[in-house]
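As they're listed, the protein sequences go chains A and B. For the first sequence, the numbering used here assigns the number 1 to the initial residue and increments by one for each residue that follows. For the second sequence, the numbering used here assigns the number 1001 to the initial residue and increments by one for each residue that follows.
Simulated from the structure, these hints should not be mistaken for lab results. It cannot be assumed that every hint is accurate.
Over 12 Å on every C-beta distance to chain B, these chain A residues come out as not near it, computed from the model [what the hints assert, rightly or not]: (1) L51; (2) R136; (3) A155; (4) G168.
Within a straight-line C-alpha distance of at most 27 Å, the following computed DSS-like cross-link-like pairs (lysine-lysine) qualify [said to hold, decoys possible]: (5) K1326/B x K1301/B; (6) K132/A x K1326/B; (7) K1132/B x K301/A.
Note that the Cβ used here is the ideal one computed from N, Cα and C, for glycine as well.
Number of protein chains: 2
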Amino acid sequence: MSGQGASERVTIYDVAAAAGVSTATASKALNDTGRMSAETRDRIRRTAQALGFRPNALARSLTSKRSFTVGLLTDDTYGRFTLPVMAGISEGLIDHGVSVFLCTVEDNPELAKVHVDAMLDKQVDGIIATGKRIDRPLPVELSHLSVPVVYALTAGPADAVTLVPDDGQGARLAVEHLIAQGRKRIVHVTGPGSFKVVHERTRAYAEALEAAGLPVREDGVMRGAWAERWGHEAVAALWERADRPDGIFCGNDQIARGVVDALRERNVDVPRDVSVVGFDNWEIVAEQTRPPLTTIDMNLKELGRQAGHALLRLVNGEAVEKGLWKLPCALVVRGS
Amino acid sequence: MSGQGASERVTIYDVAAAAGVSTATASKALNDTGRMSAETRDRIRRTAQALGFRPNALARSLTSKRSFTVGLLTDDTYGRFTLPVMAGISEGLIDHGVSVFLCTVEDNPELAKVHVDAMLDKQVDGIIATGKRIDRPLPVELSHLSVPVVYALTAGPADAVTLVPDDGQGARLAVEHLIAQGRKRIVHVTGPGSFKVVHERTRAYAEALEAAGLPVREDGVMRGAWAERWGHEAVAALWERADRPDGIFCGNDQIARGVVDALRERNVDVPRDVSVVGFDNWEIVAEQTRPPLTTIDMNLKELGRQAGHALLRLVNGEAVEKGLWKLPCALVVRGS
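Modelling step: build the complete structure from the supplied sequences, incorporating the hints.
Here's what the structure looks like:
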């Protein structure tokens, strides 16, 4: 679809070449960003006009029948969270013929800058920043780019659109499910306190117990690593106690997997004696656990879809509500 | 081939650090682009010369004021194989300021075509096609594009450069390791026969047994799903037999995880009574298995590095040997 159009279209490269500046500079001039003299900016604009360059991203997309392209930046080099978000963006914008280009930026700010520049140089229509945790920004400044930016599952500035799962609501679903199973002594085995989600889920856990008239115990929350091993250790510690739990809400599926294995090895029947709920719905773990894990799904695909739509509206010049969008999680009931 | 050179070579980062400027500035100075004082440009160039920095082959693409950009196409929507390959490409081309843009193509040829067109439209310098298995091509024709294409971990045409792990050599390493542990009755529990790698690894398994003078039994190879559950089922079937194995080579780490768990639940000690070797070195599975899994690593990062270098040479108009490049796997010894 873009084959023929490409050769006729006046691109930012043509403008840059004709004006004798870099594409980055040409782009900045036409988008009224960056630093340069008013004279240079004017000259580049006149060149663009003379060549018939159309600066509006969407107009450009429509008139040239080019596909809309999203640059997706992530620091999640393992892809666990990012690939579902990416799939959601693609699905959500499929009618627009969108292509999503993923670029991973590890912890090196300079290198991250190189990648962002490459995206701008390649004229992506917008950027979605995503990552592996909601309380850390990517190692690169994205506030003043020439294209719109949406944040999803990573920390964004206050005046941006930032989409995150509603961790508190997800945790509430988990605890309410355990209560509905008749569980009275529910503990929460979770990850390190350095994660914001750990605090949000812990607060929701306590509130859900209170709302049901169940006691909230100081030692009901146990923090450790996001790993199976911690699930084993937590069960070992819990089974030393006089008052053993009959419900365990785990901070992720890997911890839950360790908890379920450790209970089985103690001949504690799951779910008859103890009910277990995980978090993440990481299917490769959840489905192979014996019994398969009941868990909370963060709906990352839907989060990606909505991030893509928000970006499309921004590219399109439409109004989009700024701030933090908390999207609901869902309970997935399996065997535990 | 490129392993040692990488550590000795002076990179753009070294130049930037020595000159006290950002890598972007160093790159611009050396490529005669961007804005800076003639003095700064000269200083950076002298620093580069003093350090022995060789402005390399990619100069052509850099002087055209574009950064080198690789489009990475994959049908591995889960990212298990693709993200290590992607990391390898990035690392291997880091000195060239390369950016890798990943685009997933699922099983829809029309949509895949849209994405390839988008990559060409964005003027990527070359494309690497990758996937989740070596015996299936991506659902899109890439033979006659305007940019070079390299295939890695997916099927490519005969006249292209295609990089794959040497599955036979990897399987041989696994079986030889079991033999070196004194194991005599070694079985192979693997995936479905519809996968080419299953046949390659099975052949190598039989050859390694023969080479060691061990009998090759008809029922020594058991095929099932690539899942933990199959590991449990295989052990259940094996422990029905009169002649139980003392070594089990598994087709992937998930099967091996199931095998190790099933053995423990039968009070069979791993590795005292039975040694187990997996395949993939999927760390999140291998490290959390009790005991941690000894397994075969396909060196996907190195495969990505070499794919990136091959592409770079093609972009650069240099000769590259066509055909199938089989890269060696490595044994990772842990506790099983």
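Here is what the structure says about each hint:
1. The Cβ of L51/A sits about 18 Å from the closest Cβ of chain B, beyond the 12 Å cut-off, so the non-interface label holds.
2. Listed as a non-interface residue, R136/A keeps its Cβ farther than 12 Å from every Cβ of chain B; the least gap is roughly 19 Å.
3. In this structure A155/A is separated from chain B by more than 12 Å, as the shortest Cβ-Cβ distance comes to about 22 Å.
4. Every CB of chain B is more than 12 Å from the CB of G168/A (nearest about 27 Å), matching its label as outside the interface.
5. Pair hint K1326/B plus K1301/B holds up; C-alpha atoms about 14 Å apart against a cutoff of 27 Å.
6. Between K132/A and K1326/B the CA atoms are separated by roughly 34 Å; this puts the pair beyond 27 Å, and the hint is violated.
7. Note on K1132/B and K301/A: the hinted pairing holds, with a Cα-Cα distance of about 21 Å set against a maximum of 27 Å.
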